[in-house]
Amino acid sequence: MGAKGLKAVLVNTEGKSPDAVADPEAFQKAAKTLARAIQKNSFTGQTLPELGTAGLVSAMNSLGAFPSFNATQGVFTGWEKISGETMAEVIRKRGGKNKHRGCSQCIIQCSNEYVDDKGDYMNASLEYETIWSMGGMTGIDDLDTIARLDFLCDDIGLDTMNTGIAMAVAMDAGYKSFGDARAAIDMLEEIAAGTEMGVILGNGPAAVGRHFSHHRIPAVKGQGIAAYDPRGMQGNGVTYATSTMGADHTAGNLIGQYLGKQLDPLSAEGQVEASRSAQIAMAALDCTGLCMLAASALNSPDAAEAMVSLLSAKTGTSLGKDVMTEMGKRMLKTEREFNRRAGITREDDRLPRFFREEPLPPHNRVFLEEDEDLDHVYNF
Amino acid sequence: MITVTVYFYGTLPRRFAGYDPQQGYTVALRQGADISNLLGHLGLAREKVAPVINGITADHCRKLADGDRVRLFQPVQGG
Numbered sequence: 001m002g003a004k005g006l007k008a009v010l011v012n013t014e015g016k017s018p019d020a021v022a023d024p025e026a027f028q029k030a031a032k033t034l035a036r037a038i039q040k041n042s043f044t045g046q047t048l049p050e051l052g053t054a055g056l057v058s059a060m061n062s063l064g065a066f067p068s069f070n071a072t073q074g075v076f077t078g079w080e081k082i083s084g085e086t087m088a089e090v091i092r093k094r095g096g097k098n099k100h101r102g103c104s105q106c107i108i109q110c111s112n113e114y115v116d117d118k119g120d121y122m123n124a125s126l127e128y129e130t131i132w133s134m135g136g137m138t139g140i141d142d143l144d145t146i147a148r149l150d151f152l153c154d155d156i157g158l159d160t161m162n163t164g165i166a167m168a169v170a171m172d173a174g175y176k177s178f179g180d181a182r183a184a185i186d187m188l189e190e191i192a193a194g195t196e197m198g199v200i201l202g203n204g205p206a207a208v209g210r211h212f213s214h215h216r217i218p219a220v221k222g223q224g225i226a227a228y229d230p231r232g233m234q235g236n237g238v239t240y241a242t243s244t245m246g247a248d249h250t251a252g253n254l255i256g257q258y259l260g261k262q263l264d265p266l267s268a269e270g271q272v273e274a275s276r277s278a279q280i281a282m283a284a285l286d287c288t289g290l291c292m293l294a295a296s297a298l299n300s301p302d303a304a305e306a307m308v309s310l311l312s313a314k315t316g317t318s319l320g321k322d323v324m325t326e327m328g329k330r331m332l333k334t335e336r337e338f339n340r341r342a343g344i345t346r347e348d349d350r351l352p353r354f355f356r357e358e359p360l361p362p363h364n365r366v367f368l369e370e371d372e373d374l375d376h377v378y379n380f
Numbered sequence: 001m002i003t004v005t006v007y008f009y010g011t012l013p014r015r016f017a018g019y020d021p022q023q024g025y026t027v028a029l030r031q032g033a034d035i036s037n038l039l040g041h042l043g044l045a046r047e048k049v050a051p052v053i054n055g056i057t058a059d060h061c062r063k064l065a066d067g068d069r070v071r072l073f074q075p076v077q078g079g
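In order, the protein sequences belong to chains H and Y.
Each residue of the first sequence is one higher than the one before, starting from 1 at the first, in my numbering.
Each residue of the second sequence is one higher than the one before, starting from 1 at the first, in my numbering.
Hints are computed from structural coordinates only; laboratory data are not their basis.
None of these values were measured; they are calculated from a predicted model.
Every residue gets a Cβ at the ideal spot worked out from N, C-alpha and C, and that includes glycine.
Treat each hint with caution, since some may be false.
[To be verified] Here are the simulated DSSO-like pairs of lysine-lysine, each with C-alpha atoms no more than 30 angstroms apart in a straight line:
{"hint": "1", "chain 1": "H", "residue 1": "97", "chain 2": "H", "residue 2": "40"}
{"hint": "2", "chain 1": "H", "residue 1": "93", "chain 2": "Y", "residue 2": "63"}
{"hint": "3", "chain 1": "H", "residue 1": "81", "chain 2": "Y", "residue 2": "48"}
{"hint": "4", "chain 1": "H", "residue 1": "32", "chain 2": "H", "residue 2": "81"}
{"hint": "5", "chain 1": "Y", "residue 1": "63", "chain 2": "H", "residue 2": "321"}
{"hint": "6", "chain 1": "H", "residue 1": "221", "chain 2": "H", "residue 2": "40"}
{"hint": "7", "chain 1": "H", "residue 1": "261", "chain 2": "H", "residue 2": "176"}
{"hint": "8", "chain 1": "Y", "residue 1": "63", "chain 2": "H", "residue 2": "32"}
{"hint": "9", "chain 1": "H", "residue 1": "40", "chain 2": "H", "residue 2": "7"}
{"hint": "10", "chain 1": "Y", "residue 1": "63", "chain 2": "H", "residue 2": "99"}
{"hint": "11", "chain 1": "H", "residue 1": "4", "chain 2": "H", "residue 2": "329"}
{"hint": "12", "chain 1": "Y", "residue 1": "63", "chain 2": "H", "residue 2": "29"}
{"hint": "13", "chain 1": "H", "residue 1": "7", "chain 2": "H", "residue 2": "221"}
{"hint": "14", "chain 1": "H", "residue 1": "221", "chain 2": "Y", "residue 2": "48"}
{"hint": "15", "chain 1": "H", "residue 1": "99", "chain 2": "H", "residue 2": "118"}
{"hint": "16", "chain 1": "Y", "residue 1": "48", "chain 2": "H", "residue 2": "97"}
{"hint": "17", "chain 1": "Y", "residue 1": "48", "chain 2": "H", "residue 2": "40"}
{"hint": "18", "chain 1": "H", "residue 1": "221", "chain 2": "H", "residue 2": "176"}
{"hint": "19", "chain 1": "H", "residue 1": "29", "chain 2": "H", "residue 2": "16"}
{"hint": "20", "chain 1": "H", "residue 1": "314", "chain 2": "H", "residue 2": "16"}
[Claimed, not checked] Which stretches of chain Y does chain H cover? Using the computed rule of at least three CB atoms under 8 angstroms from a CB of chain H, they are:
{"hint": "21", "region": "1-11"}
{"hint": "22", "region": "64-76"}
Chain H on its own, in the form it takes in the complex (with noise of 0.2 angstroms):
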């Protein structure tokens, strides 16, 4: 939208009814349902609300798929210093919030607000994304810096993740070193200041890496990847490639499968499969505007049902178990049009070259999908 020079959209909402619930009642009650499983589900019922989506930072390093360094290594050096357990022990001793909600509502409460060691108010929330681009992805190590970072781009009113991505490929081109705290500082003022290297760095990834004729733009239809690194994760590298939206992690990340030892990150078998079926999972679910965490607890039968009996109490329709899958398909292929009409072709449902040519440390592999089966992730 953006490119077509749009600034806003405005919705006046002068003369709308109230939102219709067909049965309240009914409705009422599965909402109940899930709200209690989403409190005994211990991600959304209690490792959200202690360290936030923080909390991933340990998971991912150990697991050794934490892009860092412009996705040159697959654990961050000092990941202890910026791991969520550590940050929530930060924000604990200096009388910050650990949880917060930052959603009107919520019952879950991920959010944060981080302080400086004077206490006073640094930004909120410290995210898990955000902690991985400019910090990770940077070589920063100092939450303090990182926590700097993140407000300075919700001040500017930038993507903290393509953003965060844009100032490491700059570093790894040369322009300026990894961990330089006060360098990524300078990126994002010259940001905002407009100046000729600031345009470039606000178009993202993308145009950073043509602008130094850099081959290592970690990003897919120009949207940069998250922290996951495909090599690492070789479903997620699926997802990457061929969601509708470029490397969107949200669009299908199977990290819970991979740490549950459902499937092998490092293996290309089952991940076509893997990425179609929580690509459609989540397509549905970005339908119906529940948070994507607190789906999370969606995988217990009950939850699920409720999750049904909530859409068909809304709609007053009697909605049979494979509503969601239903509607989720039609989404993506919904989608699917919009691109091909866009001009947008199966050539652009690739993961750039590096990701399969360069192994990521420290199981040094690359990404072993091969293009025809990423053709097939949409065949249903």
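Based on the hints, put chain Y in the right spot on chain H.
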């Protein structure tokens, strides 16, 4: 006997009094012990815990060796 060092993550650390994340938690087990023995020793046998050794999620039947470093995680999803 073998000695392994355990590192706890998520909400697990606060369940072990005096746990130091830098040093880890040292556990002595009989020769031939596996992950499930370790979890039993730690009182975590009935919980969903993901053990990671050398960057790989380990099966609960994996035999432990003297000097192993075991990282224990609770289930996570994407964020």
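#### Entry: 30 angstroms limit on alpha-carbon distance, applied to hinted pair residue 48 of chain Y and residue 97 of chain H
Cα-Cα ~28 angstroms, so holds.
### Task
Below or equal to 30 angstroms on CA atoms is what counts here, so check residue 221 of chain H against residue 176 of chain H.
holds, 26 angstroms
### Message
Can you tell me if the region 64-76 of chain Y counts as covered by chain H, using C-beta to C-beta distances under 8 angstroms and a minimum of three residues?
### Response
holds (count 5)
### Query
Given the hinted pair residue 29 of chain H and residue 16 of chain H, is their alpha-carbon gap at most 30 angstroms?
The hint holds at about 26 angstroms.
### Message
How does the region 1-11 of chain Y fare against chain H when you require at least three residues with a CB closer than 8 angstroms, holds or violated?
### Response
Contact hint for the region 1-11 of chain Y vs chain H: holds, 3 residues under 8 angstroms.
### Task
Decide if the proposed pair is consistent with the structure: residue 7 of chain H and residue 221 of chain H, CA atoms, cutoff 30 angstroms inclusive.
holds, 21 angstroms
### 30 angstroms Cα cutoff - pair residue 99 of chain H, residue 118 of chain H
holds, 19 angstroms
### Query
Are the Cα atoms of residue 63 of chain Y and residue 29 of chain H separated by 30 angstroms or less?
violated, 47 angstroms
### Task
For the pair we were handed, residue 93 of chain H and residue 63 of chain Y, check the Cα-Cα distance against 30 angstroms.
Outside the cut-off at roughly 39 angstroms; violated.
### Task
Mind checking the alpha carbons of residue 4 of chain H and residue 329 of chain H for me, to see if they're no more than 30 angstroms apart?
holds, 28 angstroms
### Query
When you check the alpha-carbon spacing of residue 40 of chain H and residue 7 of chain H, does it fall within 30 angstroms?
Distance ~42 angstroms between residue 40 of chain H and residue 7 of chain H Cα, so the pair is violated.
### Task
Verify the proposed pairing of residue 63 of chain Y with residue 321 of chain H, using a straight-line Cα cut of 30 angstroms.
violated, 41 angstroms
Violated hints for the displayed structure, listed by number in ascending order: 2, 4, 5, 6, 7, 8, 9, 10, 12, 14.
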